[in-house]
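Undergrad: For reference, the chains in residue letters:
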Amino acid sequence: MQRITSQISTRVALEGIRTQSSRLASAQSQLSSGRRVQKPSDDPIAFRSISNLRAEVRRLDSELQSIERARGALNGSVSRLTEARTLLVSAQTAAQQARDPLARETHAKTVDSVLEQMVRLANEQANGRYVFGGAQPNQPPVQAERDASGRIIAVDFVGSDQPSTTPIGTSFTVDVSTPAKQIFGGLPGARQGELSIISRTGIQPGAGADSSRASGEILVTHTSTSFGGASGVAAGASSSGGDTILGPLGANTLTIVDESGTGAFGTVSLNGGPPVSFTNADTDLQVAGANGELAHLDMSGIAAGFNGDVDILANGNVSIDGGATSVPIDFSSNQQLVHGATGAALNVDTSNVTRTGVDLYDHPGAANLFDAMIALRDDLLNKRGTSESEYQEQVTLHLGELERLGDHLLDHVGEQSVMLENLDSSQTLAEDIRLETKVSQSRLEDVDATAVILDLQAAQSVLETTYAATAAIFNSSFLDYL
Amino acid sequence: MLHQLSIGLTGMRAAQIGLDVTGNNLANANTPGYRRQMPMLAERAATPWANLQLGNGVDIQRVRQARAELIGRQLFNNLSEAAQLEAQYDVSSQVEGRLNPASGSISDQFDSFHATLESLAATPFDSSLRATTVQSGLSLTRQVNRVAADLISLERTIDGRVRDAVEQVNTLAEQIAQLNDQIRRQQHSYQEPNTLIDQRNALAQELSKLVNVEVDEHNQQVFMGGMVIGTSTPQKVEYDGENLVIAETDVALQVGGLIGGLQAASQQILPLARQRLDDFAFGIAATTDELHSQGVGLDGHLSSLRSTRQVEDPTAPLAESETPFSLAAGNLYVGVKDLNSGERTLTAVAFDPETQSLEDLAAGLNAVGGVSSFVDDAGRLVVRADSGFGFDFTGRPSSVPDTSGLTGASSPTLSGRYMGENRSVDFEFLGSGDIGVTAGLQVEVKDSATGESLGVFDIGQNYAPGDEIELPDGVSFALSVGNVVSGETFAADLISTADETGSVVRLGLNTLFTGSNAGDLTIHPDLLEDPARLAASLNGEPGDSGNLTAMLGRRFESVQPQSGETIDDLLFTATGAIGHETRALETELEGVSLVGEQLFLERESVEGVDPNEEVVEMLKYQRAFEASARFVSAVNQTLEELMNMLR
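Chains as they are written, first to last, in this note's numbering: chain W, 1 to 482; chain F, 1 to 647.
Hints are computed from structural coordinates only; laboratory data are not their basis.
A couple of the hints might just be wrong.
One-sided and incomplete, this derived list gives chain F residues near chain W with beta-carbon spacing under 7 Å [as the list claims (entries may be wrong)]:
| hint | residue |
| --- | --- |
| 1 | 572 |
| 2 | 573 |
| 3 | 609 |
Built from N, CA and C at the ideal position, the CB exists for glycine as well.
Chain F with its partners taken away, still in its complex shape (with noise of 0.2 Å):
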């Protein structure tokens, strides 16, 4: 009998156990990372009697925990996915509103300043709209420099995220580690850890969002970007400014969670957003200083004019100097007037970046009559009219062509904007006589270099001298009453592009803006200080805005030949391409999330704990004491009949 008593208290034992578990479970059911336990009941051995197997109650073997563990290793590694997308994503983001802020946006100032130019182009001589354009032309560039500032800062931002991350990185190998360790001592002590082990995974979590993060349950080990997490104190890890590595070894982890987003922010999306903005500042620099430098303000010429793109070396050759504005071997035409005579004359200084320094530039330009050029102690290039001459870049010919072959009386000039390809044309008298009068009397036009004819005209009987001639492209002659010489030729440079070395440009001289990227670009100081300086016009006359209405032009072709992309589309690309990334971004951490969620509800059904499911087990528990102990109160009535037998 007395063996059925201890059937019985095996019984209660168990229920006990159960209770004590199910309890458990209904406590920690909303406890993070808590895997509910089930107490793992088997038959106690049963004990041979006659021919019988009587069996001996009942045993808790062990708690188990509930445990999803494939699912529990796709969740890490989405976990630390998700963390990764969420950081990147949110470093996009914050560059996305930093490039379109609800008003004053890149876009904005750049449409606005577009409409100003547009306005002075029709009022190129209205002083308070100079200004005006001036001052929206500032308002792009100093936005263009917020962003690229704030860009930077947000950088700066990320890596001081980085460095908190790692140092919680060391915290939580740390813990784990001390974990991993007293998990082992119950393993070897035969005891459950299950409670260490959710404290454990709990943390692993944690870093899972900060790194890559893989838990090897069967080993109670944890995999940190590749490097175990042991039981001893785990190395330390530091960033490096780019990777995530062992401090001792300098070995590179591979990186996830936050810090593998914030590193890809850092050395993805910030860098490509900084260089698409360079590329909209280089370009708009680059298109309209060209155009800029070409011609002139409301005086119709310049005075003096000081580099402000810095030159490293003014004695090396131009083209070693770093800058991202191209340059090539060519003619530098410089145009000088004579403001008493109103004469003009055009010199070409040759130059040749690649052997060529600024220094030689100065003296190529110093040797131009009228004009004066040095460069200064700081090292920029200045270039002066000579008291009574003002110069410019803007390639029109000489009022009077080189005349030195001539010998009749009759003079020619030249007028209006050449439009074609810069070339050199001869001009060559078809017999002798007086202009105007002589009957049959002709000039004849040829490209210098090609001998390709122009053109015969008629400047006899029927020229009235004075008369202007128009050749092709843009540009007139006119002779003079006088006689000619057959045969007899003169020349002159037939320019559209004054600077064909791209050296004015390049040392940003008489340009809008100073500066080639977005950190530096801004407006032309003299500009600032005088906005009659901006080169609305081609011809010198202030109601001409021919440079203008080139440069308005302009935003609608092609900077780069080989992309076909206008300063619209690098507009774009710096300001509105963020979205596709944040988009694609968002999208991506949605659907991961999503994942994420999925293996989560997954991994809860298996581990969670059910509180209904709890309290049922709970009554099975209470019903099984209860019936282990009315067993054993039953073999107790049943000891007291015996006993009392013997009473």
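Just chain W, same shape as in the assembly (with noise of 0.2 Å):
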């Protein structure tokens, strides 16, 4: 039987009072602090759990943030594209209903005001950001060149060609800001429609791959003028800066009749035309074709006696920059035209070209919005002296160009659109695990009040009867019996 000892008493009440005082130290701790695991010991594989559900409580946190920033930006974006759509249409009715000559100053201006708000609009900054300023959200996307008017007449685009991505978690990324010019500059390649070519020149559209992606112009010019045979005829001196006709050897004819057989004097006439009477003092005589053409003639050295036909081969250049880039026309089915400042190309046959002008090309799908309100604008205006039939062919050929532009805008928003429904899925997801995260980490790392309370009570009464049986045991002693 062991023996008991005073050490023995003393030492085990002490030991149940600090045990038992621990306990409660410990429970008020836990209650207090509302956690179970303050520290990594308290439960070493718990916390690794809670460690790791803490951060992914974090990441969840920051992954709403993000969502809720690419919501914000995009329906940013959103917003804006349906104006810019309305602005469209706005656009597009007053283009529709320019049928009078008469009213279409007063459209165009229409057309022009839509064009500076769609400026405006392209440039418009939320949050401190350009909303069309993709990968460079700190500077405007868009530039607008201005004649001495004020006038709009070109918009170039400065910015990025990049969207600004958003991370969503580890998962996935969202273009919060797409750039102006996937939004206004075009649609992508695979809707550009055939080259279209209003030809006053003779030029048709070319067997090669454009890289010019806008509608233009095409100046045909006169470089020189010679003929075949031994008629006598030559370029009169008007010839180089005056002739209309191109065309190589063979392609215009000269039909001369020298009426006084010595040839002093005579007819001439190019390409069926009216004939023209000459005289050997003819140095610059002008003679016209049948469709208009011109030549200008030195009839001073007419064989004598000569009458018949001479092929004429009439030089010229080919530009699609205004003449700042010039290329010699080669009459092939295919001649790559090269615009000097972008070096964007353009393909044409040229083997029919007969006269010098300027044609109007346009590959449908491929202008701007900008550049397609613009030559809206300027063909309501006339700019480019169209005839009325060509100036219906032109709007149409706009009309149809910002409907598909317009289309183009509605693609965006449907896109973003989506991506917004995305978005409030992948937040009503993320939310969901973040709420089982947080449960899960509570459960791991949070107190247990009724447990704890439970605990802090059973510690408490043992620690009353410690002291009770301790006070007991200490008021007893032998020595009372003696």
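Join the two chains into one complex using the hints; note that each chain is given alone, in its own frame.
TA: Encoded structure:
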């Protein structure tokens, strides 16, 4: 039987009090902090899980913030795209109402106003960033060039070609800022239509692939005229700058009738046009062809008694940058024209070029929104001197272009709306996961108040019992009975 | 009759001594180390009388101590073990506390830093968010530095505690030796040195809390860590920074107790904690800097860099300079942008750290057009863009490849960011003709090293000049208007890892951090000065956060291929693993303490004083005295009767 000494009693009593006090302190600490695991050693295995869960909650918080930011940016973008679409419709309406030539200037002003608003809209900012700045959100994405009267004559895309993306967690990224060039800069290559040319010179679309995306003008000029055979006719003094005929040898024909038999006088006609009388004193005789083409002739050396047709070789240059970069016409089925500034190529068929002039080319679906509106405005003002039929053809093209560009805007609205829906789904999912993670974290980390309070009460009871037992033991002594 | 008086006298005397011993036991009932004593009564030798053997009373042979020697030895070991574990637990708890404060812990700071990085990835051009991110990174590194400094400070504190404990050991050992001497003297005088033994054992118990102690009560010797403490002044012991040694002989003692625990903490717990923290610091620096160094800030290019990670000897091979960063022979690709024309060139600088020095690297970089480089007086590599140029280590391809092998008018351009493995490719024209015009005109792209074809692309009638043609892994090329000649080639380097050598990170060029361990890790001073330099972008555009996204993704990728550990794993190991160890020590300590408590109770049960028992003993001796006194009185009365008969 174990002997119970006074030190054993004391020790046991103290140990009991210490144990229960420790339980009480632990319960108090847990209840006051609300946490069961306050440091790794409280529950090392749980702590690892808690650390992971805590990091996951933070990650999800960041993800939710990213979703919120992305949603804000996309909402801003969608509302502006919707506004752009509305503006575009008003420009289309103005063009459709401009059948009456007298009202066209007014409608041109409407289109110009829409253009101004569209430029402003493309450069709008929200929360310190350009909505359509793409990967360069801190600088305006488009820049308008104006003429002396302040009218916009071109709009350049000066920002980034790349979208600004926001990572949503580690799973995917969202384009929160689509660059203006993608929105307003025309349709993607796959939707580019065939080259269309309103040809006044005989130029037709070529066979190669074009990199000139927009509409523009083809400038066809004359350089020299020479004549086949021994008729004695030569290019007149104004031929170089004044002739409008163009074509390889034989494409144009001069018919000479020497009525004098000495070459002193007679008639001459171009491509079956009305005969023009000449004398050998004419050194710069203008002759017009059946289609209005002109040639200037030096008739001073007509061979005596020459009667017949003379083949003409009329050379010229062609340019798609207003003459800045001109190349000789090679009268081939595919001649590649290059814009000197942009390097863009346009493939045309010059085999049937017969006269100088300015042709209008257009790649349906390739024009950017600003160019299309500028072209529409300018055609409403008839700045290119088109005929009514050409005007109608051009306006039809422009309206088709604006329709496609409007659809393109709607495509973006659709894409971004889908992305917003995805963000909503992602947000719901992230919130659900976050909640579950928080619950798991709480289960591991937080105190089970009921259990701890019960434990605290149990410890209190045991402590009181220990006090009572200790008091009872120390109060009773054998000496009391002596 | 007189003989009978003598018998009574022995009984009274024995009872008196019994009362003395009992009284002493009662008085020392609560004296630590006191062992209850018991008078050993023995019958006195009998005297023959006639055919009888008559007793002569009782003798107190000795006063015996109650001893539980086996339990006592176990208790000494237990005390030593408990003290050792308690010291380890104490240090481990302190380390745990420093690594995991209630708020602002390294984990909290790391999570906050990551959260700001994620926010910045959404708006990389936001200047205030950049500043916040940099400050958040600084808070993280400061917390890491602080904990590292705390751990060093803790080590110093432990060292001081060990030295204090060693002083106590020497004092106690000397006192024990003196008591041993007195015990021996008393034993030689045939006295019971019980009190001295109790005092000696109490000191030995104190000593056992500091070092390993064994007490041999038969030979009255005390062993301290294997060294005998006898009767003469013991040899001094001292702490040499690693071991407890005998001062004169330098012989190391077996350690236990507080000193053993502190020594284990100093040599195992703290170094392990520091190593883990260093591993985390290095891990985050190495993985983040590898990416950061290959990105660019808001400027889209770099203008000037100065290395921040020191090289001892700029003329010695770089690999000989101590560093935890890995180095390898290879190319360092430097992109240089002409800020006026926008044209960009990518130049490979070959560098072998095993044979080439920092000076060699500077010379190599200096040879790159548009860039100047040198090693300054402080031994730091300086790289500067020439006026009108900017440079980077993004590895983006040259905007215009080397066209020296082309005679045609068409010029190639490259764009995009390559994401595959570094390789060089050749572009060979299959046929002659005009780009965008000639039917059937093609170009084939091949890997320069293996000849593997990456594709044959139409550049003829169906190709719009200037349109980008996508190659695998993120790079595109385009050909301008003009003609090309069959069989002619041009080449390009497709680079995803601009620094094959590891020297950019090693030197701390364009890195997010400087330093490489928990003590010196901090945010690169260039970023503190100008947060716009935080390299969020891969393509140089301010809205691009490709590099940040890659950095964020690294958190979940393995840092060490062998172990598969991620940064999060390293972080947990640095801050949380100590919890396992603290808990294990706590559990072990609780177990040892419970055993100690049991041993104490068992020893106390044998050696301790039970007051009730002593009161009974007291009554026993009291009654015995009374009985003996009554006997003497009876004998006295008998003698008086006899005397009266004589009168």
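Undergrad: Just to be careful: measuring from the Cβ of residue 573 of chain F to every Cβ in chain W, is the smallest value less than 7 Å?
TA: Hint on residue 573 of chain F: violated, closest Cβ of chain W at ~10 Å, above 7 Å.
Undergrad: If you take the shortest Cβ to Cβ gap from residue 609 of chain F to chain W, is it below 7 Å?
TA: Holds: closest Cβ of chain W sits about 6 Å from residue 609 of chain F, inside 7 Å.
Undergrad: Once the shortest beta carbon distance from residue 572 of chain F to chain W is found, is it less than 7 Å?
TA: 6 Å, holds
Hint check: a violation occurs at hint 2 only; the rest are consistent with the structure.
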